[in-house]
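Chains as they are written, first to last, in the UniProt record's numbering: chain A, 1 to 309; chain B, 1 to 309; chain C, 1 to 309; chain D, 1 to 309.
Since the hints were derived computationally from the structure, they do not count as laboratory data. Keep in mind the model is a prediction, meaning the values are calculated, not measured. Hints are supplied without guarantee of correctness; some may be wrong.
Straight line, CA to CA, 20 Å or less: simulated EDC-like cross-link-like pairs of lysine to aspartate or glutamate [what the hints assert, rightly or not]:
(1) LYS17/B / ASP163/D
(2) LYS250/D / ASP242/C
(3) LYS11/A / GLU300/B
(4) LYS17/C / ASP259/C
(5) LYS17/D / GLU269/D
Protein chains: 4
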Amino acid sequence: MATLDPGIGEKFSRRTKRAINHDGSFNVRRRGGPHRGDPYQWLIKMDWWPFIGVVVAFFSLLNVGFALAFMALGLDSLPGVTTPHTWWQDFLSTLFFSIQTFTSVGYGHVYPGSNGAGFLSSVEALVGVLTFALATGLLYGRFSRPTARIHFSRTAIISRRADGTPCLQFRIANQRSNILIDLQARVLLKTVDPLTTNQSYALLPLERDAISFFPLSWTLVHDITPESPLHGLIMADYEARDVEIIVQLKGYDDTFAQDVHARNSYVHEEIEWHRRFIRAYEVDDDGTPVVDLDRLHETEALPEIPMPR
Amino acid sequence: MATLDPGIGEKFSRRTKRAINHDGSFNVRRRGGPHRGDPYQWLIKMDWWPFIGVVVAFFSLLNVGFALAFMALGLDSLPGVTTPHTWWQDFLSTLFFSIQTFTSVGYGHVYPGSNGAGFLSSVEALVGVLTFALATGLLYGRFSRPTARIHFSRTAIISRRADGTPCLQFRIANQRSNILIDLQARVLLKTVDPLTTNQSYALLPLERDAISFFPLSWTLVHDITPESPLHGLIMADYEARDVEIIVQLKGYDDTFAQDVHARNSYVHEEIEWHRRFIRAYEVDDDGTPVVDLDRLHETEALPEIPMPR
Amino acid sequence: MATLDPGIGEKFSRRTKRAINHDGSFNVRRRGGPHRGDPYQWLIKMDWWPFIGVVVAFFSLLNVGFALAFMALGLDSLPGVTTPHTWWQDFLSTLFFSIQTFTSVGYGHVYPGSNGAGFLSSVEALVGVLTFALATGLLYGRFSRPTARIHFSRTAIISRRADGTPCLQFRIANQRSNILIDLQARVLLKTVDPLTTNQSYALLPLERDAISFFPLSWTLVHDITPESPLHGLIMADYEARDVEIIVQLKGYDDTFAQDVHARNSYVHEEIEWHRRFIRAYEVDDDGTPVVDLDRLHETEALPEIPMPR
Amino acid sequence: MATLDPGIGEKFSRRTKRAINHDGSFNVRRRGGPHRGDPYQWLIKMDWWPFIGVVVAFFSLLNVGFALAFMALGLDSLPGVTTPHTWWQDFLSTLFFSIQTFTSVGYGHVYPGSNGAGFLSSVEALVGVLTFALATGLLYGRFSRPTARIHFSRTAIISRRADGTPCLQFRIANQRSNILIDLQARVLLKTVDPLTTNQSYALLPLERDAISFFPLSWTLVHDITPESPLHGLIMADYEARDVEIIVQLKGYDDTFAQDVHARNSYVHEEIEWHRRFIRAYEVDDDGTPVVDLDRLHETEALPEIPMPR
C-alpha cells in the first residue's frame, strides 16, 4: 500500500479535475504560507521564446536605467559624444555607451571623463560581467536539464489477449534519437467513489514493468484478471467513477547521463474499448528496424467483441 | 538496527542540545585535526546578501590593489590621464583604469604606456577573466544546488485513531510549485536515559513511509501500538527522556532533476497532546485541489481525551 | 522475465542487422511523429573536430551577416575606417569591426558613429556575449559528460572449465587511468527463430556479475550448463539463429562522480570456439600489477577440443 | 561471492604492493592498448598549484605565439606602437597587444591596421573567448566535483568486547563541517597465500554497516567470531598472509547534493593488537557535542591481554 497514494489527498468535498495533464503537470494549487517563488526554477522551466524575451527585457531595462543615470551626470562627463544635444539623441548616446560598458566592448570613442562617470561605468561593468555569468549558468541549466520526450499513444485501449483475458494497453515511443536504459513504468488507477466523492488509488500491475533498452516502441499491458481493480467494470462504470490511469516512467538517459522522468494520464474519455494496436515498426531494406511515430496511435477493432467480465 | 544510529554517539557525559535544528543543521562541532575549510562549500551555502557582499568586497580589494600598483609605477605609465595630479585623483584614475582592465571593458582613453604598465595590465586582465569564470561557476553552483523547501507543521501532535489507537502525527507541504516524486520519510526517536544521560535511537515505523507524488500536503502517522517505543509514555516521560522526533525526507525533484533532502525535528515542547489536524486543502470552483499552507499548522482538540496507555 | 526484453520488439518481417554496434549505438531508426531534433544533444555528442567546425562556421556566418548589415548602413556610419573604399576592402573592414564587437574586444579605432550603427553594434554585442555563454555551457557539457572507455576483447570465446563445463567468456579492461567502482554487468542473448524470423531475448547469468573495483582486467564468464539457453547449440546453430551476445556495463566513475554506462555486442562471427584467454596482467619489479591492454584480445587453443554438448 | 572480488585479479607471479594507498588511489598500471589520456580528467584531478601553473603556461604560450605572428606581419600592421623598434621592445609591444586581444580588453591605442592584422586579431579574439569558456567549465568542474574528506584513524586495532569476543576496529570522522547522510561502509579482507602468492578476498561483516547521519565520529567494528575469515589468525599470520583491510565508504553529501566516496586500507603493520579507542567526543558547556579530530587516533592498552583464539 505504501507507495500508492500520490499524496493528493483522499477526502474531497466534490469531484476534481484530472490529476495529471498530458504535459505531466499536476492540477493542484498552493495558497498562503511562506511561498517562495524560485526565480531559478521559473527561468529554467519556461519556454525558449519567453526566456529570450525575459533576457532582452532585462538587458534593455538595465541599460536604459544606466543610460538615464549617465544623462543625470551630464553629457560633459562622457567626452567623445559629438552628436547634437537633443534629449533623445543624448539618451541614445548614453544608451550606446552604457551597452558598450555592460557588454565590456568599450570602444572608447566615448569614455568616462569624470569621477562620477568613472564610478558609474565601473559599477555597470561589474554588473554586466556578473549578469553574463548568470546568463551562462541559466543557459547551461536550461540545456542540461534532463527531460524525456516520450510519445504516448493518444488513447489507451481495452483489448483482449488470445486466451480471452481482457487487458488495458497503451503504447509509448521515444521521440528523441537517444537511448533510454532500464526504463521502468508504474501505472496507478485513480477512482472516485460516486457517493462520497472520496478518491482512492490502486496499483495496476503490468505484464512487464521494465525494459533494458528503449530504442523502439513499447506496449504496456495490464491484464484485467479477477485480481485487477478494473475487473468487472463496464464502460459506464469508468465514467461514473472518474477513472484516471496515471502513468509514471523513469529511465536512464545516455546523453544527459541522468535519470529522466515522464508522466501522463488517460481519463475515461481517452480509453477506447475493444480495440487492438497496429504494429508500428517494420524492417528497412538494410535490415534496420524502423519505428513509425505516426502509427503509434493507430488501433483497429477487435475481430469480435466479448464484453470484459 | 543497522541504519538507526545517526552516528552522533551514544555515551554522553551530560545532556545535549536538540540534535537537529529546524533549518536542518546539526548541533555538533569539530575541533582539531587537519580541518580544511572548503571555500566552495562556504560560498555555495551562504545566503545571497552575504554572498553579494563577498563578491563586491573581493572585486573592490583586488582593484584597489592593482590601482595602488599602477600608482607605484607612476602616472606617466598611463597616458591619457588628464586630471590634476593629486594623490586621491591619481588613485581614482588608476582605480577606474584598473576596473576597465579587470572587466575587460578597456575603453582605451587611458592605456598602458610603458612595459611595466603593459605587463601589469596583462596580468590584471588574465586575473579578471579567470575571476569572472570563477564567479560564473559559483553562481551556477548556487542556483543549481537542489534544495527542498518542505514546510513542516510547527508542532507534532499526539492524536487518536477511530479505533482508539493513539498516534503521533505531523504534516508537511511543498512550498515550491514543483513536484516531488517518490518522496520517502524516515522518523527516528531520540531518547536520553535520565540516569546515565546515554542517548539511544529507535525507528518509528510510519503508517505510510513513501508517496508517489507530493503535490499537496502529507500527514505522517506513527501508530503508538504496544510495539512502539513510545508506548506507555506519558507527557512527563517525554520531558524526562528529552524526547526528540527526528524526521528525514528524500524525494526526486522534477526541476533540479536530482534527489532533494530535508530534515527537521520535534522536541518534547513541540509536541501537542490530544489534538487532531484540520484539513488543509479544499477544491476550487474549477475542480482544482488547493492546499492552504497557512492552515498546515492548525489543530483542534480531540472530542474526548483518553490517556494513551 | 521482466527486464529482459530490450524493447526492440519481437515480431519482425525479416532478419535485422545486429542490434548493437561496437560503439554502443543501436541499429534502429525513427520515422514520422513530432520528432524534435535536440540541438543540445547533437552538439554534446558529436566528435570534437566537427564540433569545432560548427563553432567556427557559426561564428563566421554570424559575423559575415553583421558585416553585411554594417555595409548596408554605409561606411560613413563607422568612422575610423581609413582604407580605400572597394567592396571587398569595405567588407573586410566591417567584418573586422563586427568581430571586435562580437568578441567584445572593441579596440575603438573604428566605432559606431551613427544611431543605426550604435543600435546594430549593441545588438551584436549582446548576441556575442550570449553566444559565448552558450559556448561555455556546451564546452562544459561536452567535457563533463560521464563516459566510460571500456576496452572489450575483440572476440568472445567458447572455452571450457577445468571440470569440463563449456563456457562463454569475454574480457574487458579500463582504458582510462581512473577507477570504476561497483561495476555491474548484464549479458543478454538475442536469437532469431530461423522459421518465423521472430526475435527473442534471454538473460545469460554470469559466474560473477559485479566487482567492487575495476582497476585491472575482468573476464566475464557464462557457464553453459543445461539451464543455459546456449546449451546444446553447435557453431552452425549460432549462425542459423543469428546469435548476438549483448553486454551492458554500469559502474560509478570516481572522476566524473557519476555512473557511467558501456555497451557492446558479439555476433556469431565474433565468437571463437575452443579457445582460452592468455593472462593479460603481470607484476612489475616494484610489486605493482600491470595490465597490458594489447594482450586483452589474445587467446590460445584449448589443449583438447571436446564439443560442447 | 559476487561483489567481493575487487577486480584486481587473483593469480599473481609474486607478492604485490598494498592494493590501495591512504589517498584512495590504487597500485596498478596500464600498458599498451589505445590508451586515451583524458585531458579533462587530468585537469580536474590535479592539485590547485599545478593547475594554476598549467593555466598560466597555456595563456603565456598562446600569447607568445600570437605575438610572434604579429611580429612576422610587421609592426606597420599595428599602428599606435610608438616605442623604439628593437626586437625585444617590438616583441613586448605585440605581446601586450596580443594579450589585450586575447582577454578582449582591447584598449585600442594599438589596433590592427592591415587586413592581415585584422584577420589574426579576429582569430585570436575567438580563441581567447573560447579559452575562457573552457576555463570557466574547468574551474566549475574542479570546484563542484564531490569529494569526501573522511579522516581515518591512523591504525586499525584488534580489540575485545565485554563478552571476550575479539574484534577489529577503526574509526572515522568528517573533516568538513557538512553532513553526510546514509553513510555506508564495506570492508574487504585481502590475503595472499604464502605458498602460491595467489590473492583472495573476503567480506568482513560489520556490527553496523550504515548510519543515518554522520556528523561526529564513527567506530566500525568487525567481530572476529568463528565465522570470520580472521578467526584464529595470530599476529605473525597477518604478516605472512600480507593482510590488507580494504575500506569503502559511500554517503550522500548535503552540499554537493551527490554521493561521495572514500577509500582506505590498513596493511598488517598498521594494525595494533590488544588496544581500545579513547572516546573522541565530549559535550561543551552549551550542550553541543564536540568531536576532537586529533584524538581520533588515540588508543590505550586493553586491561588484560587474552590472545584472540
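Verification of the supplied hints:
At most 20 Å may separate the alpha-carbon atoms for a hinted pair to count; LYS17/B and ASP163/D exceed this at roughly 33 Å. The straight-line distance between the Cα atoms of LYS250/D and ASP242/C is roughly 42 Å, outside the 20 Å bound, and the hint therefore fails. Between LYS11/A and GLU300/B the alpha-carbon distance is near 18 Å, which keeps this suggested pair within the 20 Å criterion. A distance of roughly 29 Å separates the Cα atoms of LYS17/C and ASP259/C; the hinted pair therefore is violated under the 20 Å criterion.
For the hint pairing LYS17/D with GLU269/D, the CA-to-CA distance comes to about 13 Å; that is within 20 Å, so the pair holds.
Violation of the numbered hints given earlier is confined to hints 1, 2, 4; the remaining hints are satisfied by the structure.
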